[in-house]
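First to last, the sequence lines map onto chains G and V.
Each residue of the first sequence is one higher than the one before, starting from 1 at the first, in the working numbering.
Each residue of the second sequence is one higher than the one before, starting from 1001 at the first, in the working numbering.
FYI, nobody ran anything at the bench for these hints, they're computed from the structure.
One thing to keep in mind: the hints can contain errors.
Computed footprint of chain G on chain V, listed as stretches where at least three residues anywhere in the stretch have a Cβ under 8 Å from a Cβ of chain G [to be verified]:
#1 1008–1015
#2 1095–1104
#3 1270–1277
Incomplete in silico selection of chain V near chain G, CB under 7 Å [to be verified]:
#4 G1089
#5 R1091
#6 I1141
Here are the in silico distance ranges between beta carbons for each label pair [said to hold, decoys possible]:
#7 V:G1067 <-> G:P136: 30 to 38 Å
#8 V:E1199 <-> G:G119: 39 to 47 Å
#9 G:S193 <-> V:A1307: 26 to 34 Å
From a predicted model like this one, the values you see are computed outputs, not experimental measurements.
Backbone N, C-alpha and C fix where the C-beta goes; we use that ideal spot for every residue, glycine too.
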Amino acid sequence: MNAAILPRPARAAGQWRQSWERLCRHRPALVALALLGFVVLLALLVPLVSPYDYATPDWDELYQPPGGGHLLGTDGLGRDLLVRVMWGCRISLLVGIAASLVSVLIGVLWGATAGYAGGTTDSLMMRIVDILYTVPFIPLVIVLTVLFGRSFLLVFVAIGAVSWLDIARIVRGQTLSLKNREFIEAARALGLSNTTMIVRHVVPNLLGVVIIYATLTVPTVILFEAFLSFLGLGVHAPLASLGTLISDGANHMKSHPYLLTIPAVFLTLIVCSFSYLGDGLRDALDPREQR
Amino acid sequence: MSAALLAIRDLRVTYRTEAGGLHAVDGVNVDLAPGEFLGVVGESGSGKTQLLLAMLGLNAPGARIEGSIRYRGQELVGAGERVLGCLRGARIAMIFQDPMTALNPYLTIGTQLTEGMRHHQGASRAAARRRALELLDAVHIPEPERRFAQHPHELSGGMRQRIVIAMALICEPDILLADEPTTALDVTVQAQILALLRELRARTRAAIVLVTHDLGVIAEVADRVLVMYAGRVVEQAGVQRLFEHASHPYTEGLRRSIVPLAGPLPARLPSIGGNPPNPAELPPGCPFAPRCAYAFDRCGAAPPPLAPVAPGHLRACYYDGPLGRIR
Chain G
1 MNAAILPRPA RAAGQWRQSW ERLCRHRPAL VALALLGFVV LLALLVPLVS PYDYATPDWD
61 ELYQPPGGGH LLGTDGLGRD LLVRVMWGCR ISLLVGIAAS LVSVLIGVLW GATAGYAGGT
121 TDSLMMRIVD ILYTVPFIPL VIVLTVLFGR SFLLVFVAIG AVSWLDIARI VRGQTLSLKN
181 REFIEAARAL GLSNTTMIVR HVVPNLLGVV IIYATLTVPT VILFEAFLSF LGLGVHAPLA
241 SLGTLISDGA NHMKSHPYLL TIPAVFLTLI VCSFSYLGDG LRDALDPREQ R
Chain V
1001 MSAALLAIRD LRVTYRTEAG GLHAVDGVNV DLAPGEFLGV VGESGSGKTQ LLLAMLGLNA
1061 PGARIEGSIR YRGQELVGAG ERVLGCLRGA RIAMIFQDPM TALNPYLTIG TQLTEGMRHH
1121 QGASRAAARR RALELLDAVH IPEPERRFAQ HPHELSGGMR QRIVIAMALI CEPDILLADE
1181 PTTALDVTVQ AQILALLREL RARTRAAIVL VTHDLGVIAE VADRVLVMYA GRVVEQAGVQ
1241 RLFEHASHPY TEGLRRSIVP LAGPLPARLP SIGGNPPNPA ELPPGCPFAP RCAYAFDRCG
1301 AAPPPLAPVA PGHLRACYYD GPLGRIR
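Same shape as in the complex, but just chain G:
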């Protein structure tokens, strides 16, 4: 996500730079971006420099409270919580961003094509979306898990397969209103092919909506993964996502509250940051904000 808003030196530099400047004026978004960057940095560095790893139990250090040798304490198997939380952040961010990208890609192409084509094609494509909407998600994931075993990849597939539906609907609606704009007609009068029309003239004009929606999807997906892991359908045992950590922590809520609160704080931090960032991006990328 972050790459999309960084100022690029390419030919569209002017617009990106202006958007970037507008984003810089949006305090909450800037703070959110900084926090997110900080979490990403921690998640990448801590497991590398820490003497502990996420999987090896230490039977002499069970349930150590935060502070001392283990900065954030240890869990019931004596594993360093800091390293485990950072691995959790890695997994959760990866799932969140990758699944969002996949769903945005499918959703935008599907929705833009349906909206631009109109008529029967549109009806057909949107009815497929309607049908997929009715597929109950949790049973689907359980069936997939039974068929293919518990795999990390499955979480991506399952979440991606569901979340693109919303984007497709939003994008289709936007495309319908775009289609009647004069510049689309002007581009048609230039004799451009339909593919060119969609890729060059429709999609760039959806960018604002799509990026905002993508930043809003990331936290949803992270929460979803947490939910799946909580149910035991997510990541494998020694590996942890924020969801599994919270789920484990919840079992020891009374005796060792830090096992719940610390991963929960990180999850909240990530989710809130994405929400605020999305908020700021909406303003920054809205062409009406142009001076």
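Based on the hints, put chain V in the right spot on chain G.
Quick look at chain V alone, frame taken from chain G:
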């Protein structure tokens, strides 16, 4: 007829509505000679824009197009998207009404300018850029290099209309269709754009079809004028002839409603009473009859045919007496 660049025969554009067929264009015949400047005048809803769109096959979905439009002998009515796609922008180009909305806000001027040339002629980026800069200069845009990299919102309305014109010209089309290209602009800018169109016509030898509701604009630039009413051509003549010898009451009404620049202002500017008819419920006779000061019994019976009153001057009216009466 073979000499005509574009020959339109009995063109009908019909939209199906709940009330029945709506005739947006109703039996229009026009020939366009190479390099000619044809003006099309009419009120809103007279079918002038639909006529232009039909030439590109760009009418809204649901339009039924009948009759014949031949470009250099090639039939365009019912032609496939592939045939039309090759003509659009390359041989027949269009200038849109509102420069504020006719440019994609997310793409640079340069990208939009060169798009057509790269698509139709497979031109390289560098060649297209060279040609685009040349054209920016031709439409009198200062600092073309800088403008090339800018986005539409950084330019004024008049500049954007120049860009839109340059965009239409990039593939050196034979026919330039202009749909009210000056309506959205200030009067001073309007005059500049008209001067530009005239200049370009002389330079490129492209035929231009200019659609407008403003007779004053037509008087400035056109060679020949088509007056449209309710989807039909009611009068057609050379521009001089039309202004001096308007013989259709509707044309006369339009002409009289121009504010005179010299001489005393009339106490009240004459206007044509009433409203254009609903195209879904046209009267059986002359569509203008209900608003016409000269209408008599015959006008209500059958629509008058377009017939010559003088060489090169056609009109569709039964009335033969002198005009000049105000209703």
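task = Would you check chain G against the region 1095–1104 of chain V, counting CB to CB pairs closer than 8 Å, and say if three or more residues qualify?
result = The restraint on the region 1095–1104 of chain V holds, since 7 of its residues have a Cβ under 8 Å from chain G and three suffice.
key: Closest C-beta approach of V:R1091 to chain G relative to 7 Å, hint status   = At 9 Å from the nearest chain G Cβ, V:R1091 fails the 7 Å test, so the hint is violated.
task = With 30 to 38 Å as the target window, see if V:G1067 and G:P136 comply at their CB atoms.
result = violated (56 Å)
ask   = V:E1199 and G:G119, beta-carbon distance inside 39 to 47 Å?
value = holds (43 Å)
request  = Answer holds if the nearest beta-carbon of chain G is closer than 7 Å to that of V:G1089; otherwise answer violated.
outcome  = holds (4 Å)
ask   = Per the hint of 26 to 34 Å, is the separation of the Cβ atoms of G:S193 and V:A1307 within bounds?
value = violated (45 Å)
message = Taking 8 Å as the Cβ threshold, is the statement that the region 1270–1277 of chain V is covered by chain G upheld or broken by the three-residue rule?
response = violated (count 0)
task = For the hint on V:I1141, just tell me whether its beta-carbon gets within less than 7 Å of chain G.
result = violated (17 Å)
Within 8 Å of chain G (C-beta), three or more residues of the region 1008–1015 of chain V = Check failed, 0 qualifying residues.
Checked against the numbered hints listed earlier, the structure breaks hints 1, 3, 5, 6, 7, 9; every other hint is satisfied.
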